[in-house]
Amino acid sequence: MIITQKKPIEELMGLIGDAKRVAIIGCGSCATACHTGGEPEIAELKSYLESKGKTVVATSVADYCCMNLGVKGKVRPLTAAQPDCIVCMSCGDGVQCVANNANVPVYPSNNTMFLGEAVRFGQWEEACHLCGNCVLGQTGGICPIAHCAKSLVNGPCGGQKNGKCEVNPENDCAWIKIYKRLEAIGQLDKLAQTRDDKGYQDVAYPRTVSLRGNK
Amino acid sequence: MSVLQNVLESGKFGVTAEMAPPKGFDFTEQMASAEVLRGKVHSVNVTDMQSASLKASSLGLCIHLKQAGLEPILQITGRDRNRMGIMADVLSAASFGIDTMLALTGDHPVVGDCPQSKPVYDLDSVGILRMLTKMEQTNCDCGGNELTGPAPKFYKGASVTPLYEPLLLQINKLRQKVDSGAMYIQTQGIFDLDMFKRFLEVVEKSGIKTHIMAGIIPLKAAGMAKYMNENVPGIAVPQEMIDRLAAEAAVGKEKGVKGLPAKLGIEMAAEMIARIKDEKLCDGVHIMAIGAERNVPAILEKAGVTAE
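As you go down the protein sequences, you meet chains A and B in turn. If you're matching positions, the first sequence starts at 443 in the working numbering and goes up one per residue. If you're matching positions, the second sequence starts at 137 in the working numbering and goes up one per residue.
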C-alpha cells in the first residue's frame with residue numbers, strides 16, 4: 443500500500459490561493475485506508491473550504507486515482523462543474539493521473555510517504571523501496587534495502603547498539619532481524635553469500651513496464 | 137609495496153595511529169601532530185569524516201602526509217561518494233604514491249553535523265573492497281572500461297567490531313571483507329582482553345586468515361569512558377577502569393594536579409598494548425587517540441613497542 447499523510451492545511455490553502463471554486467477527488471484504495479482521501483476526509487475538507495469562503499463545486503471518489511481509465515470518467519464531471527482548481531486526496535501518483543485528465547490546476551492534499559504495510563490499525567511501516575531487483579529470497583523475507591537505513595546488502599554496519607539502529611534507536615537493526623529470521627527458517631547459510639552488486643542502472647527513472655509489447 | 141603490508145607480512149608487530157583532517161583548510165596542527173608520530177608508527181590512518189562530522193577530505197591530509205614523508209592510510213567510506221567518486225579518489229591517491237587504504241561503510245549523516253546531507257551508500261565496505269580488487273584484476277574501472285595504464289594496487293584493509301551480538305553476523309561480514317580483498321583488519325577499541333581473546337578464537341575457528349590489529353583508545357577521563365559506553369557501538373569500558381580513572385581524578389583534585397586521569401589512561405593503554413604484544417594475541421595495534429595524537433609516542437614507549 444502507498445502510505446500518505448495529510449499536508450498541513452495551511453500549505454494546501456496556500457496552493458489553492460485565490461481560487462474560489464474548488465472540486466475534490468478522493469481515492470478509494472490506499473488513501474481511504476490511510477484516512478487521507480476517503481469519504482470522511484472529503485467531507486471534512488469540503489466543510490473546511492466552505493468555512494473559508496470557497497465554493498466546493500463537486501466531489502468524487504475514484505476507485506483508484508492511479509488508474510488512468512477509471513480516473514478519466516471520474517474527472518469529467520468535476521471539470522464539467524467548472525472549478526478553478528481540483529484538490530486530489532490521493533498519493534502523488536494519483537495526483538498526476540488526475541492532473542493528466544484535467545484542464546485546471548490539480549493540487550495534492552497529501553504527502554506521499556512510502557510503500558509499506560499496515561502493521562496494525564492506524565499504523566504503517568515502510569517495507570519496500572521498489573528497487574527493481576528483489577533480494578527477499580536471500581534475506582528471509584525482510585528487505586535490507588528498505589529496513590536498513592543504509593540499504594546495506596552484505597550484512598550490518600557496526601552502528602547498532604543493543605540491536606537498535608544508529609540512525610533511529612526506535613528501529614531494530616535490519617540485519618539482526620534478517621539473521622534471526624534466517625536462523626528460524628534454517629537458512630543461515632544464506633548469510634555467507636556475498637550478494638552480487640546489483641548496481642543502479644536498472645532503476646534509472648522514470649521506469650515503465652508494459653505487457654503490450656513495444657509501442 | 138605498502139609499508140604496512142611489508143611490516144605485517146614479515147611478521148613484525150604493526151603499529152598504526154589515527155588522525156582526522158581539520159574542519160577548515162589550515163592543516164598546521166595536523167602536520168605538527170603527524171611530526172610527533174614520525175618514526176613511532178608504521179602508518180597513519182586518516183579518517184573520512186568520522187562520526188559523519190564534516191572535515192577536510194581524507195585524501196587531502198593523506199597527500200600532505202605523503203609529501204612530508206609519512207605513510208598515510210586512506211580511509212574511504214561509502215557514505216558520501218558513489219562508486220565513481222570513490223574510484224576517482226583512489227586513482228588520484230595512487231598518483232601521489234598512496235598505496236594503503238581502509239574501507240568502511242561510514243556513519244549515517246543523520247548522526248553527524250550535516251544531517252541534511254544525502255546518504256549515498258552506493259557501495260558498503262565490502263562493495264568498496266570488491267570494486268578495488270576487481271579493478272586490480274581486470275585493469276578496468278567500475279563500469280568495466282579499460283584504464284589507461286595499469287590499475288594501482290592498494291594494500292586494502294577493513295574494520296571489525298569484536299564486541300557484537302550476534303557475533304556470527306560480524307564474523308560473517310569479516311569473512312566477506314577478507315574474501316573481497318581486505319588483507320588487514322583494524323578493530324574497534326578494545327578494553328577487555330578476555331573478550332578480545334574469545335573473539336580471536338572465534339575468528340581462528342572460522343578459518344578466516346588475515347592480519348588483525350587491535351584498536352586501542354587511550355582514555356582521558358571517567359566521563360569519556362561512560363560517554364563511549366553509552367553512545368559508541370561496540371565499546372564497553374569495564375567498570376573497574378572507569379573507577380580507577382575517577383579515583384585518579386579525585387586524587388588530582390585533592391593535590392591540585394591536573395591531567396592525572398589522562399596519565400592513567402596512557403598507562404592503561406600502554407599496559408594493554410604490552411600484553412597484546414607479549415602474549416602475541418594479534419599482529420599489531422591501531423591507536424585511536426581522538427585528538428591526543430601527541431600522547432602516542434609516550435604510550436608506545438611505556439609499552440616497549442617500537443615501529444621496527
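In case anyone wonders, no lab produced these hints; they're calculated from the structure. Keep in mind that the hints are not guaranteed to be accurate.
Claimed, not checked - Cβ pair distances, simulated, as ranges:
| id | chain 1 | residue 1 | chain 2 | residue 2 | range |
| --- | --- | --- | --- | --- | --- |
| 1 | B | A428 | A | N553 | 40 to 50 Å |
| 2 | B | L283 | A | G605 | 15 to 25 Å |
| 3 | A | N553 | B | P251 | 14 to 24 Å |
| 4 | A | N545 | B | S187 | 48 to 58 Å |
| 5 | B | P302 | A | G579 | 17 to 27 Å |
| 6 | A | Y642 | B | A382 | 48 to 58 Å |
| 7 | B | Q203 | A | A560 | 55 to 65 Å |
| 8 | A | R654 | B | P158 | 57 to 67 Å |
| 9 | B | A386 | A | Y642 | 30 to 40 Å |
| 10 | A | R654 | B | T269 | 37 to 47 Å |
| 11 | A | E612 | B | Q252 | 48 to 58 Å |
| 12 | A | G579 | B | Q252 | 44 to 54 Å |
| 13 | A | Q538 | B | Q203 | 19 to 29 Å |
As the list claims (entries may be wrong) - With a cut-off of at most 27 Å between alpha-carbon atoms, the simulated DSS-like pairs for lysine-lysine come out as follows:
| id | chain 1 | residue 1 | chain 2 | residue 2 |
| --- | --- | --- | --- | --- |
| 14 | B | K176 | A | K606 |
| 15 | B | K176 | B | K270 |
| 16 | A | K603 | B | K341 |
| 17 | B | K159 | B | K148 |
| 18 | B | K341 | A | K622 |
| 19 | A | K619 | A | K606 |
| 20 | A | K632 | B | K362 |
| 21 | B | K341 | A | K632 |
| 22 | B | K362 | A | K603 |
| 23 | A | K640 | A | K622 |
| 24 | B | K413 | B | K176 |
| 25 | A | K603 | B | K148 |
| 26 | A | K449 | A | K462 |
| 27 | A | K640 | B | K254 |
| 28 | A | K619 | A | K603 |
| 29 | B | K191 | B | K148 |
| 30 | B | K391 | B | K362 |
| 31 | A | K640 | B | K270 |
To be verified - Listed next, the stretches of chain A that the computed footprint assigns to chain B, with coverage defined by at least 3 CB atoms under 8 Å from CB atoms of chain B:
| id | segment |
| --- | --- |
| 32 | 488-498 |
| 33 | 595-607 |
| 34 | 615-624 |
As the structure is a prediction and not an experimental result, all values here were calculated from the model. A virtual CB, placed ideally from N, CA and C, is assigned to each residue, including glycine.
A quick look at each hint next to the structure:
| no. | hint | verdict |
| --- | --- | --- |
| 1 | A428(B) with N553(A): 40 to 50 Å | holds, 47 Å |
| 2 | L283(B) with G605(A): 15 to 25 Å | violated, 43 Å |
| 3 | N553(A) with P251(B): 14 to 24 Å | holds, 20 Å |
| 4 | N545(A) with S187(B): 48 to 58 Å | holds, 53 Å |
| 5 | P302(B) with G579(A): 17 to 27 Å | holds, 22 Å |
| 6 | Y642(A) with A382(B): 48 to 58 Å | holds, 51 Å |
| 7 | Q203(B) with A560(A): 55 to 65 Å | holds, 59 Å |
| 8 | R654(A) with P158(B): 57 to 67 Å | holds, 59 Å |
| 9 | A386(B) with Y642(A): 30 to 40 Å | violated, 57 Å |
| 10 | R654(A) with T269(B): 37 to 47 Å | holds, 43 Å |
| 11 | E612(A) with Q252(B): 48 to 58 Å | violated, 21 Å |
| 12 | G579(A) with Q252(B): 44 to 54 Å | violated, 35 Å |
| 13 | Q538(A) with Q203(B): 19 to 29 Å | violated, 54 Å |
| 14 | K176(B) with K606(A) | violated, 39 Å |
| 15 | K176(B) with K270(B) | violated, 34 Å |
| 16 | K603(A) with K341(B) | holds, 26 Å |
| 17 | K159(B) with K148(B) | violated, 35 Å |
| 18 | K341(B) with K622(A) | holds, 22 Å |
| 19 | K619(A) with K606(A) | holds, 10 Å |
| 20 | K632(A) with K362(B) | violated, 37 Å |
| 21 | K341(B) with K632(A) | holds, 20 Å |
| 22 | K362(B) with K603(A) | holds, 15 Å |
| 23 | K640(A) with K622(A) | holds, 24 Å |
| 24 | K413(B) with K176(B) | holds, 16 Å |
| 25 | K603(A) with K148(B) | violated, 34 Å |
| 26 | K449(A) with K462(A) | holds, 20 Å |
| 27 | K640(A) with K254(B) | holds, 21 Å |
| 28 | K619(A) with K603(A) | holds, 14 Å |
| 29 | K191(B) with K148(B) | violated, 33 Å |
| 30 | K391(B) with K362(B) | holds, 24 Å |
| 31 | K640(A) with K270(B) | holds, 15 Å |
| 32 | 488-498 | violated (count 0) |
| 33 | 595-607 | holds (count 10) |
| 34 | 615-624 | holds (count 3) |
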